[in-house]
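We have chain P; now place chain A onto it with these hints.
The chain contents come next:
Number of protein chains: 2
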Amino acid sequence: MQLYHHPFCPHSRFVRLLLAEYGIEPELVEVRVWERKPEFLALNPSGETPVMVEEHVPSAPGAAIIAEYLDETRGLALGDRRLLPHAPLERIEVRRLVQWFHEKMFLDVTEPLVRERIYKRYMKSDQGGGPPDATALRAARANIRYHLKYIGWLAKARNWLAGDRLSHADLAAAAHLSAADYLGDVPWDVDEDARAWYARVKSRPTFRGILADSIPGMPPSATYADLDF
Amino acid sequence: MQLYHHPFCPHSRFVRLLLAEYGIEPELVEVRVWERKPEFLALNPSGETPVMVEEHVPSAPGAAIIAEYLDETRGLALGDRRLLPHAPLERIEVRRLVQWFHEKMFLDVTEPLVRERIYKRYMKSDQGGGPPDATALRAARANIRYHLKYIGWLAKARNWLAGDRLSHADLAAAAHLSAADYLGDVPWDVDEDARAWYARVKSRPTFRGILADSIPGMPPSATYADLDF
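Protein sequences appear in the order of chains P and A. Numbered according to the numbering used here, the first sequence spans residues 1 to 229. Numbered according to the numbering used here, the second sequence spans residues 1 to 229.
Just chain P, same shape as in the assembly (with noise of 0.2 Å):
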């Protein structure tokens, strides 16, 4: 199984964590989708990551269609601990907090955290390179705390964020946090309740490709891959 992917989308970190909890290793392919390279576009019109690519199976593009495909063909497996919960209502639920970290707090955090941070540094001027845009920055910084408020609200009423089990839900949240934890621009002392969670899912074995993860030139935040942040 081949991953096109970025190491800091988030939409990319989550189907890395859903991988790695349903202990597939894929080969991992760095796209730079501001490149909009030909043969990219050919596996996905939309130009995005991630895209998952199995032998014998059409490409699937995007976190969603994604997590659905590795629900239905490896999902029953886990049992007790399959990552999308059985019952129609659950499922409601999960779903639901899904799209609302990979759409809402994306929109709002993560795309201009990660685009002007990090993926800047990499574009020439043509595809939009340049020096961060300080008011989006400031945007995203005051957005995350009430997206880690609300995480940590979650947090406290349910053990975990959709109910009473790890599901989809949590793997979303910590790819998108996961990736501001790493410019430092996660503010921890905002929610006591969001940081204990953070640090359960952090210490899963399945965390650890991401926690390895770095840029040349640009450390990790001191606490991003301490297990007791």
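There's no promise every hint is true.
Which copy is meant is left open, because identical chains are indistinguishable; a pair holds if it fits in one copy or across any two.
Taking lysine to any residue and the SDA-like style, the derived pairs with C-alpha atoms no more than 20 Å apart in a straight line are [claimed, not checked]:
no.: 1; residue 1: Lys149; residue 2: Ala42
no.: 2; residue 1: Lys120; residue 2: Asp133
no.: 3; residue 1: Lys124; residue 2: Ala212
no.: 4; residue 1: Lys156; residue 2: Pro219
no.: 5; residue 1: Lys104; residue 2: Glu48
no.: 6; residue 1: Lys149; residue 2: Gln127
no.: 7; residue 1: Lys149; residue 2: Leu41
no.: 8; residue 1: Lys156; residue 2: Gly128
It is worth saying that the hints were derived from the structure and are not from the lab.
Just chain A now, with coordinates in the frame of chain P:
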């Protein structure tokens, strides 16, 4: 069952078509998302249509989540006519196309068309109201040609858009096209295969509700409700 929708929101139209295929007649509650009413935000914090509300079930926000829920709770009963096919590989293809229409075609075509030509008529100036933006309309009208050709290419190769049978993919594409068609913004002469495929979808009894929609003071294009256009 209640569906919070707007008659010209393409994602809401998709759900109305889907519910009709399942033989469900929801109570329709019209929402003007730009008013950001607290009652609606309580139902769906992201503030977007559609939202499905069924007794004893958490409210389901968004076309994708509603479609998955309906498939899980009613899909099997359709047997051979199941709208999200049974095999995981076929499900990837159906979901890929649905995502393409709901995200890419929406961004390129129906979001600007519907916003500029319909929603803005009802928005106050502090809600973003005003005359249509000619540049946005020109771009949308150029973009629809490519989407129409892609639909034609799929329809010619496959009978229905994702394969041998009607699926979510056909309903999604038809929902977006129908909103543009009301406005007279579909250049049907660009692709005969797309036109013939749309004529087949539009002739289904489940399409009647949508063809009866109208905006006071803004009648539909001459061919909108014409099955033999």
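A quick look at each hint next to the structure:
1. Taking the shortest Cα distances, Lys149 and Ala42 sit within 20 Å of each other only across copies (17 Å), while inside one copy they are farther apart (40 Å).
2. For a Cα distance limit of 20 Å, the shortest separation of Lys120 from Asp133 inside one copy, 10 Å, qualifies, whereas the shortest one across copies, 30 Å, does not.
3. In the homo-oligomer, the alpha carbons of Lys124 and Ala212 never lie at most 20 Å apart, since the shortest distance is 27 Å inside one protomer and 51 Å across protomers.
4. In the homo-oligomer, the alpha carbons of Lys156 and Pro219 never lie at most 20 Å apart, since the shortest distance is 32 Å inside one protomer and 52 Å across protomers.
5. Taking the shortest alpha-carbon separations for Lys104 and Glu48, both the intra-copy value of 17 Å and the inter-copy value of 11 Å come in at or below 20 Å.
6. When the C-alpha separation of Lys149 and Gln127 is checked against a cutoff of 20 Å, the pair qualifies neither within a copy, at 35 Å, nor between copies, at 28 Å.
7. In the homo-oligomer, the alpha carbons of Lys149 and Leu41 lie at most 20 Å apart only across protomers (18 Å), although the nearest pairing inside one protomer, at 37 Å, exceeds that limit.
8. Neither within a single protomer nor between protomers do Lys156 and Gly128 lie at most 20 Å apart by alpha-carbon distance, with minima of 41 Å and 38 Å respectively.
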